[in-house]
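Enquirer: Listed here are the chains, written in short residue letters.
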Amino acid sequence: MLQVKDLKAAYGQVQVLHGISLSVPKGQVVTLIGSNGAGKSTTMRALSGMLKPTAGTVMLGGQSITGLPAHRITRRGLAHSPEGRRVFPAQTVRDNLLLGAFTRLTIGSSRARGDIEGDMDRSLDLFPRLRERQHQLAGTLSGGEQQMLAMARALMLNPEVLLLDEPSMGLAPILVEEVFQIIGRLKAQGMTMLLVEQFAAAALAVADYGYVLENGHIAVHGPAEQLRNDPKVRDAYLGSAH
Amino acid sequence: MDILLQLLLSGIALGMIYAVIAFGYQSTFATSGTLNFGQGDALMLGAMAGLSLSGSIMGGPYVNYWLMVPLVLLIGAFQGVVVEFIGVRPAIKTKSEFGWIMSTIALGIIFRNTAENLWGRDDLPFPSPLPTEPLHIFGANVLPMELLVVGGAILMMVLVELFNRRTIYGKAVVATASDRDAAGLMGINTGLVITFSYALSSMSAAFAGVLIAPITLTGASMGAVLGLKAFAVAIIGGLTSGMGVIVGGLLLGIAETTTGFYISTGYKDVPGLVLLLLVLAIKPSGLFGKKAIKKV
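If you read the sequences in order, they're chains A and B.
The first sequence begins at 1 in the working numbering and counts up by one.
The second sequence begins at 243 in the working numbering and counts up by one.
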């Protein structure tokens, strides 16, 4: 579904990604793990068009989306729940969700309209806390609720691929567990996902395949099961912290 | 007492005009962090285009005042698109922090020069669409046109607010204003939203132009002072607050009319500008604004 080849990206003069290749097959969950500053979020930003890659190709469903602006990539069906949640604080939870479906609601966009109300309902079923707060302003939600809103908003695109960047960041342990349960449920529904996580153990438990990113390079990759048992990965990422 | 009421009512009408123009400054600032310093000239172009359509200076009148207004709004919107395309987009693209300041001023001057050559340098009367006999309200004399100014200004702001709250396109504008990158991830073409906000901004200035023209005079230089005062209003009220421009506009409008009467018309601009200096010294983000001024 998503094919990335030799992707390079930089912030100004600072090269951050030195040629990343990865693949997210349809219906699978692929995780990208690595320490702070390895380039995980930069990879996500380069995939969704928030950052223009300097080299390499990104193919979505067989078509190149390399270097397109974010809004055009979104129209092709790639949803990105970004690092730091980035919900629209002055708008209601419901409006945030409708904005997630923007390309399905407007003329001239390429996404099929489908059943918006039904999808809204299913999103709110998936995140019951949001249902209670659907008429509240997003800025009044707690961090965990905002994270759920960011995920639900991305789902409203009805995406071909969902990018989840650190969905557990800054959440209480009980909420982290809840977020991973939801990721598991989305996987069971057949959602194709690329997951960036610091909780490497939890990410490898839900994923089918994993890539380990070190200083802008892919250091190791393989089936999630295999990475979980790889001594080097265990020492570096699954050590005493988990 | 009657005099005071009279001054208050005139001040309100004037203040609402300032508020409409200031609203235009806000609309582009919200989406792009930039301002159209040719806003006063957009107002002038609106008024001159209106006079050409419904007055007799260009062989007209072609349409009456009420049909002229929507046409002028379209002209204003188009002018805004031109300003954004030529003056602002390159600056945003190259992330130039100050490029747009000079280019919007330059475009304003070009528009003013063009207007001087097209319509001359003299001030022209604008035929009033409403009776010019004042109405008596609690002993004060009010021109029907002044009521239209207040009503029109409120109507415009209510319509924009409804658009922002009720339609998916309006929600997209609000989302772009609050987080441009995240709005892009929603599939919103944020560059187009910025163009739209410039169209809306010049459209509101052109609207202010045809509202105020029948009670003042119309001419190529009419916009300069209005645009500058409305900028003061936007700073006083806060560049991010819709309520702020209305309150700021009314404060400045009433300060002008009362000072003009009780002290001297020569000093009528002073209290408003003193208020501006006070606000800048004490609460630089404006009376109602949040910390946004650093972006200017």
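Everything labelled a hint here was simulated from the structure, so no lab data went into it.
Heads up, some of the hints might be wrong.
With a straight-line Cα cutoff of 25 Å, these simulated SDA-like cross-link-like pairs (lysine to any residue) come out [said to hold, decoys possible]:
{"no.": "1", "chain 1": "B", "residue 1": "Lys337", "chain 2": "A", "residue 2": "Thr140"}
{"no.": "2", "chain 1": "B", "residue 1": "Lys337", "chain 2": "A", "residue 2": "Gln136"}
{"no.": "3", "chain 1": "B", "residue 1": "Lys337", "chain 2": "A", "residue 2": "Leu137"}
{"no.": "4", "chain 1": "B", "residue 1": "Lys335", "chain 2": "A", "residue 2": "Ser142"}
{"no.": "5", "chain 1": "B", "residue 1": "Lys335", "chain 2": "A", "residue 2": "Gln13"}
{"no.": "6", "chain 1": "B", "residue 1": "Lys532", "chain 2": "A", "residue 2": "Leu137"}
{"no.": "7", "chain 1": "A", "residue 1": "Lys26", "chain 2": "B", "residue 2": "Lys532"}
{"no.": "8", "chain 1": "B", "residue 1": "Lys335", "chain 2": "A", "residue 2": "Ala10"}
{"no.": "9", "chain 1": "A", "residue 1": "Lys52", "chain 2": "B", "residue 2": "Ala466"}
{"no.": "10", "chain 1": "B", "residue 1": "Lys532", "chain 2": "A", "residue 2": "Gln13"}
{"no.": "11", "chain 1": "A", "residue 1": "Lys52", "chain 2": "B", "residue 2": "Lys525"}
{"no.": "12", "chain 1": "B", "residue 1": "Lys337", "chain 2": "A", "residue 2": "Glu83"}
{"no.": "13", "chain 1": "B", "residue 1": "Lys335", "chain 2": "A", "residue 2": "Thr66"}
{"no.": "14", "chain 1": "B", "residue 1": "Lys337", "chain 2": "A", "residue 2": "Ser41"}
{"no.": "15", "chain 1": "B", "residue 1": "Lys337", "chain 2": "A", "residue 2": "Thr54"}
{"no.": "16", "chain 1": "A", "residue 1": "Lys52", "chain 2": "B", "residue 2": "Leu434"}
{"no.": "17", "chain 1": "B", "residue 1": "Lys335", "chain 2": "A", "residue 2": "Leu137"}
{"no.": "18", "chain 1": "B", "residue 1": "Lys525", "chain 2": "A", "residue 2": "Leu68"}
{"no.": "19", "chain 1": "B", "residue 1": "Lys335", "chain 2": "A", "residue 2": "Gln136"}
{"no.": "20", "chain 1": "B", "residue 1": "Lys335", "chain 2": "A", "residue 2": "Asn158"}
{"no.": "21", "chain 1": "B", "residue 1": "Lys532", "chain 2": "A", "residue 2": "Gln136"}
{"no.": "22", "chain 1": "B", "residue 1": "Lys510", "chain 2": "A", "residue 2": "Thr92"}
{"no.": "23", "chain 1": "B", "residue 1": "Lys532", "chain 2": "A", "residue 2": "Ser142"}
{"no.": "24", "chain 1": "A", "residue 1": "Lys187", "chain 2": "B", "residue 2": "Leu434"}
{"no.": "25", "chain 1": "A", "residue 1": "Lys52", "chain 2": "B", "residue 2": "Arg422"}
{"no.": "26", "chain 1": "B", "residue 1": "Lys335", "chain 2": "A", "residue 2": "Thr54"}
{"no.": "27", "chain 1": "A", "residue 1": "Lys8", "chain 2": "B", "residue 2": "Leu434"}
{"no.": "28", "chain 1": "B", "residue 1": "Lys525", "chain 2": "A", "residue 2": "Ala90"}
{"no.": "29", "chain 1": "A", "residue 1": "Lys8", "chain 2": "B", "residue 2": "Gly275"}
{"no.": "30", "chain 1": "A", "residue 1": "Lys52", "chain 2": "B", "residue 2": "Ile334"}
{"no.": "31", "chain 1": "B", "residue 1": "Lys335", "chain 2": "A", "residue 2": "Thr140"}
{"no.": "32", "chain 1": "B", "residue 1": "Lys335", "chain 2": "A", "residue 2": "Thr92"}
{"no.": "33", "chain 1": "B", "residue 1": "Lys532", "chain 2": "A", "residue 2": "Thr92"}
{"no.": "34", "chain 1": "A", "residue 1": "Lys52", "chain 2": "B", "residue 2": "Lys532"}
{"no.": "35", "chain 1": "B", "residue 1": "Lys335", "chain 2": "A", "residue 2": "Arg86"}
{"no.": "36", "chain 1": "B", "residue 1": "Lys337", "chain 2": "A", "residue 2": "Leu68"}
{"no.": "37", "chain 1": "B", "residue 1": "Lys532", "chain 2": "A", "residue 2": "Arg86"}
{"no.": "38", "chain 1": "B", "residue 1": "Lys337", "chain 2": "A", "residue 2": "Ser142"}
{"no.": "39", "chain 1": "B", "residue 1": "Lys337", "chain 2": "A", "residue 2": "Thr92"}
Enquirer: Identify every previously stated hint that the structure contradicts and give their numbers, smallest first.
Expert: 1, 2, 3, 4, 7, 9, 10, 11, 17, 18, 19, 20, 22, 24, 27, 29, 31, 32, 34, 38, 39
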